[in-house]
Amino acid sequence: GEGPWLTRIGSVANLGAIIAGFSATGLKNDRWRRPVFITLGLVGLVMIGAFEPTTVGAGIGALLQAVVLGAILGALSRRILQHEQVTLSTILGVISAYVLIGLIFAWIYLSLVGFRPDPVLDPPTSDVPVYYSFVVLTTLGFGDITPVDELAERITAFEAIVGQVFLATVVARFVAMYGQRRPSRPSG
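The opening position of the sequence shown corresponds to residue 353 in my numbering, with each subsequent residue numbered one higher.
These are calculated hints, taken from the structure and not from any lab test. Quick reminder that beta carbons are idealized off the backbone N, C-alpha and C, glycines included. Check the hints yourself; a few may be wrong.
[Unchecked claim] If you anchor each label on the Cβ, the simulated ranges turn out as follows:
(1) Phe403 x Gly531: 47 to 57 Å
(2) Leu492 x Val522: 15 to 25 Å
(3) Arg534 x Pro476: 40 to 50 Å
(4) Ile443 x Ile513: 16 to 26 Å
(5) Gln516 x Ser441: 17 to 27 Å
(6) Trp384 x Ser429: 14 to 24 Å
Using the sequences provided together with the hints, build the complete structure.
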């Protein structure tokens, strides 16, 4: 949004989401990971707010956000895989993982805006390109925003593949197993 107050409110909401994400993943009792990633998330938010979106400082801040969300995704995935029976909670966790993938890519696109001298997307955007990321992740492809940077084109293609593979394998598998006990793993 426009204006310093909307930016500050958005930053506080982002930090709250990071803390809530770590609390939901079970990392709350971890002695070092939770404080480190919350600190990285806070530093990233400060950098995004302190620098213009097209600067390296904002690019680093956006990349830190992607790293923090990646850590939450990893912790969430571990927690989902520990469920002995596939329940609604498991399915919601898998859907949350899919949403996290889209958000991670959105922050990556935003980091490119800071690192690249030329526009990354057409039309150029300095906001977090969440809309673009989810259009790519779901392979919906409206065509109203397109990548104009070679690296952004490659990341876009990779995100589309990740989105389809995740839906076709992970989400479909867990939905098909709803209510069933997961097969036990052999020990050894």
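Out of the numbered hints, which ones does the structure contradict? Of the numbered hints given earlier, the structure breaks none, since each of them holds.
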